[in-house]
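Asks: Protein chains in written order, with our numbering: chain A, 1 to 335; chain B, 1 to 335; chain C, 1 to 335; chain D, 1 to 335.
The hints are simulated quantities; they were obtained by calculation from the structure and are not laboratory data. For each residue, glycine too, the CB sits at the ideal point set by N, CA and C. Careful, some of the hints might be misleading.
[Claimed, not checked] Derived coverage of chain A by chain B (criterion: at least 3 residues anywhere in the stretch with Cβ under 8 Å from a Cβ of chain B; other residues may be distant):
hint, region
1, 45-56
2, 189-195
3, 306-312
4, 326-335
[What the hints assert, rightly or not] So the derived label-pair ranges between C-beta atoms look like this:
hint, chain 1, residue 1, chain 2, residue 2, range
5, A, R235, B, N108, 48 to 54 Å
6, B, A293, D, D37, 43 to 49 Å
7, A, N45, B, G195, 20 to 26 Å
[Stated by the list, open to error] Pairs of lysine-lysine residues, derived as DSSO-like cross-links and limited to a Cα-Cα distance of at most 30 Å, are as follows:
hint, chain 1, residue 1, chain 2, residue 2
8, B, K182, A, K327
9, D, K248, A, K225
10, A, K133, A, K35
4 protein chains.
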Amino acid sequence: MLNVGIVGVGYWGPNIVRNFSANKNTNVLMVADLKQDRLDLIESNYPTVETTRDVKDIINHPKIDAVAICTPVFTHYEIAKAALEAGKHILIEKPMTSTSAQSEELINLAEQKNLTIMVDHTFLFTGAVRKIKEMVDGGEIGDIYYFDSVRVNLGLFQHDINVIWDLAPHDISIMDFIIPHKAEAVSATGADHVGRGLEDVAYMTVYYPNNIIAHIHVNWLSPVKIRQTLIGGSRQMIVWDDNSPSEKIKIYDKGIEVIKTQDQIYNTLIQYRTGDMISPNIPPSEALAIEMAHFVDCVTNGKKPISDGHLGHAVVKILESSEKSIKNRGKEILL
Amino acid sequence: MLNVGIVGVGYWGPNIVRNFSANKNTNVLMVADLKQDRLDLIESNYPTVETTRDVKDIINHPKIDAVAICTPVFTHYEIAKAALEAGKHILIEKPMTSTSAQSEELINLAEQKNLTIMVDHTFLFTGAVRKIKEMVDGGEIGDIYYFDSVRVNLGLFQHDINVIWDLAPHDISIMDFIIPHKAEAVSATGADHVGRGLEDVAYMTVYYPNNIIAHIHVNWLSPVKIRQTLIGGSRQMIVWDDNSPSEKIKIYDKGIEVIKTQDQIYNTLIQYRTGDMISPNIPPSEALAIEMAHFVDCVTNGKKPISDGHLGHAVVKILESSEKSIKNRGKEILL
Amino acid sequence: MLNVGIVGVGYWGPNIVRNFSANKNTNVLMVADLKQDRLDLIESNYPTVETTRDVKDIINHPKIDAVAICTPVFTHYEIAKAALEAGKHILIEKPMTSTSAQSEELINLAEQKNLTIMVDHTFLFTGAVRKIKEMVDGGEIGDIYYFDSVRVNLGLFQHDINVIWDLAPHDISIMDFIIPHKAEAVSATGADHVGRGLEDVAYMTVYYPNNIIAHIHVNWLSPVKIRQTLIGGSRQMIVWDDNSPSEKIKIYDKGIEVIKTQDQIYNTLIQYRTGDMISPNIPPSEALAIEMAHFVDCVTNGKKPISDGHLGHAVVKILESSEKSIKNRGKEILL
Amino acid sequence: MLNVGIVGVGYWGPNIVRNFSANKNTNVLMVADLKQDRLDLIESNYPTVETTRDVKDIINHPKIDAVAICTPVFTHYEIAKAALEAGKHILIEKPMTSTSAQSEELINLAEQKNLTIMVDHTFLFTGAVRKIKEMVDGGEIGDIYYFDSVRVNLGLFQHDINVIWDLAPHDISIMDFIIPHKAEAVSATGADHVGRGLEDVAYMTVYYPNNIIAHIHVNWLSPVKIRQTLIGGSRQMIVWDDNSPSEKIKIYDKGIEVIKTQDQIYNTLIQYRTGDMISPNIPPSEALAIEMAHFVDCVTNGKKPISDGHLGHAVVKILESSEKSIKNRGKEILL
């Protein structure tokens, strides 16, 4: 039985409380929040859970094995550091930290102390992403050519971060999970239409080895909600429409074949291939429940989480570099 | 009556021949092509039209007032120059030329000779684009925030040009037509998956004054065909789906309102506005027929074509600069 | 303050409990169900509500003003009758009763006792249906030509009723609410593929005066979920796609104009009209909360509910007649 | 080489002329039409084809082997009869005749004279219908449960026929082709909103053996164009959207399993099955070219056309019976 403390029960935290409460192998001991009304809500729904307005009560709690950090990003580093130093495993909301230097420090600290860091990139635990990962790993897609993701809507403008830090962590984590290479560089562009210095529209290109290119379009000013990812491969291509109530993933047996004959040194022949489209049945499941079970499994059995600190750090590094590139109008930033 | 000569009747030329033949104010005198079988086809369909394998027969023809140039891009400049020097007005296939220096030279030549240059950016004459233009000019959209265009499909790889030169002229011309400012700079990225040095996937950001940002995604390796443009404005927003058989244009009465009170210097208040969506009825019409009539009107009455040499040049300049930016991984290129 | 008792907290009842509890003008005094585990659930969520396994405790409760009946259809009549005889107002789950004779008896009883009957046709309280009703009543649609509704999916087969009794009450209640005439006759067809004598696919035509025709297609064996209603009028036409996450309602300014000149007695001239499409913004709202408020208003102020016993009876009458018509392969049954 | 004469070159006839001209095994000798301007058009496009305003010139032409009849329906019978009596094979526009008695007479005449009748139900030669037929015949769909077809749009009102005779021949021919049983009876409903006694909205149910039910919805007053067919089977289910530019056919591995145990005599257990969806690649092809080749093959080699007189007659019989049923408000008409 894993004893858990949860810090922050604003927007997302209650889902973590609910899922850790429902998991048979975990026990929610304590919940912390600065606001009493949020704690009152937890108390009325989970009468056995202790609550506190002081995060130290969780950090110093002798029976707590793991701490889930669901507070605003700028507080992640300090709470996580304290928790690790107190010997707790941590589950940390995405994005992992405000800077990549902070992420790196946390990773090192966890490694020294032999503790688990998992970042809450929930999308990696959805049926859709697991199916895509399975197909890429199984070779069905062939070599990946590109990864193109659009995540736009008339969005809730955030007070202190731009649209990249708000929306792109989803796409970056999925991209990093699926593409079997390490990102090399970033070029990003964007614009702010409110005059706060915080972009509300942004475009990021991420360069990978082998001419793999990834691109993410995030936008808080779109009249329609689009959640569409195209993945092109040498054998098959995927269209993932996360908005669609059914048939979210479509796999197209389409592609090109490049033929280079001796005679045609200067004239590469490109042939098209068009076959069936398959939309695999993806049984419904709650991603967060699967994620919690994975966290318990990793902590208990010393396994590496699929969304570990390194993935969390890679996401922050790309966010940070993209922001730098945007300020320099697309200038390449090496990762 | 305007006497016309047409150079090149490969893929697009026959449409020009057909439309000039159908126009009551134009008369197709002669058609030139290097391939006899293409000329045979013209002869059988238009028995009264003369044909030739030598473009000079058109250039030097004393009765021809205007020359339509529908040959491959790399030949545009020379033929156009010769035609202008011979005192002919020209209609030139898009993109206008292979380099912006060539476009500039043609513009100057035409101005000296008081001749008309029109570039065949047919999209500007479609009902959809004219409707969008009308709404932007009428103030219904408010200040433009962004222009985002996606033009992807499993495409015909071109032998000698990349996907930008093939597909983006459409989007760039539309963008240039609609946005009432001059583009300032470009940042572009892309990748080649065939090994020819010619990108098959590319992304272009175009910077305009007033924080207006434009972005174009072109891709020859997409399993699905997408032709979608989002235009965000301060008053209304447009979604244009050119693939849709009906309701191509949807205008959303959606947006944000930015409120800055004295008390809230540090905390800009952003409110959302959501109203009806309208899809205006756009009567069907053949864009090319309207374009031909516009060409005749401009030549005859000395008017400036909406797709004149300057627009054609702007397109080439952006293509050229984007290509340069791609080679430098997103580096900003000033226009 | 209206004191309410709720009978039946299986599938739908808990929503009624939740909404009556949330309503400031109602007070849930007691809940009855045959199953103790369902009552336990209510007790844990609503500690102040009394529970019982004997419906008589609610019927005879001196302080209860109104009874909500959320039990299986075949029990509605007896419970409703007892409640009315005990002087309680009733809110009754749809369909109102198993036979139209029962509905009629309940209506008469309520009228004698001056009590309110409201049937829980929740769809009538959705933003979409209220918008359609508003447009029809306001004359924007003109004369109604037809009402065509499709409600199909791979459905939960019911044990004791066919697909018509399961799905069609929605469509019939909406149709009856919107069409400003009384249905005259029914012709229905259907088939059973399981061998239970209960149709899983069915089609119903309902005849109204003035050549208005309504048609409903319900199907438990469709691989895809469709919820689409077309309403044709002499001035405008409506497409309502209840599956769509946004733009559920589209109003087309389309139609025909019939011209009869003296010369053309035998040759009526029909002209087409095509204008804009508008999708009105429908703010989200919980239909059930609005419905509960309406019930309280009707009971308190002696108003007639929009889904009163007469509407409930009309729905049952059409269901009953359709079933009879199906058994006679489409034979017209007068209503 | 089959020598062909074509009667009627109004709306559809020119397509027949074009396809017979393009077919290497056929030779268009003569074309007849009452209107000189239609004949002029044929002459200018096909200089070697003879034209006439007298259909007898084709009927009596000694070299003509086959006559294609593309005139209005009410003339089919007489022209076809004359052609058959003159020893010509016939290709006849759909619907075959105005009455089923006429169809029957033509079938008998052709059988006596050992001549071929083919009815131009072009849809049977499309890739989509051939794919569906192949799957049904191959057992992939299992037992057919239902066939449901919707064909609606803001349509061209016909002068002398109702919407059933105009649109339903497509659906009926496809249904008859695909369902491996003989239709038994019809129940149909409809309404006329123009006051001509000709229905503009209609619904037809066709009963087959084994509880197979087919339903067709045709409508000239729909604001949107829908061409959707659902086919439910015991093993798989098909959705065919003929409007869709791609992925017209989707095959769902979905269904129910009915379990009847000894203990549960009264309580049939129904389980749901949900698997992948496949959209097979259907290479583009011109249905009419394939149909012409099939006609030549049948005439030359004495084969039975897939759309022979019997299929044509079955379509007319269902149209005729549906019309009768509509006038009797859904009354079952045995076929």
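Asks: Evaluate the given range 43 to 49 Å for the C-beta pair formed by B/A293 and D/D37.
Replies: violated, 27 Å
Asks: Take the C-alpha atoms of B/K182 and A/K327, compute the straight-line distance between them, and say whether it is at most 30 Å.
Replies: It holds: about 21 Å lies between the C-alpha atoms, which stays within 30 Å.
Asks: State, for the Cβ atoms of A/R235 and B/N108, whether the hinted interval 48 to 54 Å holds or is violated.
Replies: holds, 51 Å
Asks: Evaluate the given range 20 to 26 Å for the C-beta pair formed by A/N45 and B/G195.
Replies: Roughly 59 Å apart at Cβ, these two residues miss the hinted range, so it is violated.
Asks: In terms of beta carbon proximity below 8 Å, does the region 326-335 of chain A have 3 or more residues touching chain B?
Replies: Answer holds; 5 residues pass the 8 Å Cβ test.
Asks: Quick one: see if chain B covers the region 45-56 of chain A, three-plus residues with Cβ-Cβ under 8 Å.
Replies: Check failed, 0 qualifying residues.
Asks: Given the hinted pair A/K133 and A/K35, is their alpha-carbon gap at most 30 Å?
Replies: This hinted pair is violated, its Cα atoms lying about 40 Å apart.
Asks: Do at least three Cβ atoms from the region 306-312 of chain A come closer than 8 Å to Cβ atoms of chain B?
Replies: violated (count 0)
Asks: Count residues of the region 189-195 of chain A with a Cβ under 8 Å from any Cβ of chain B, then say if the count reaches three.
Replies: holds (count 7)
Asks: Under the criterion that the straight-line Cα-Cα distance not exceed 30 Å, is the pair D/K248, A/K225 satisfied?
Replies: Between D/K248 and A/K225 the Cα gap is close to 25 Å, so the pair holds against 30 Å.
Of the hints listed earlier, those the structure fails to meet are numbers 1, 3, 6, 7 and 10, in rising order.
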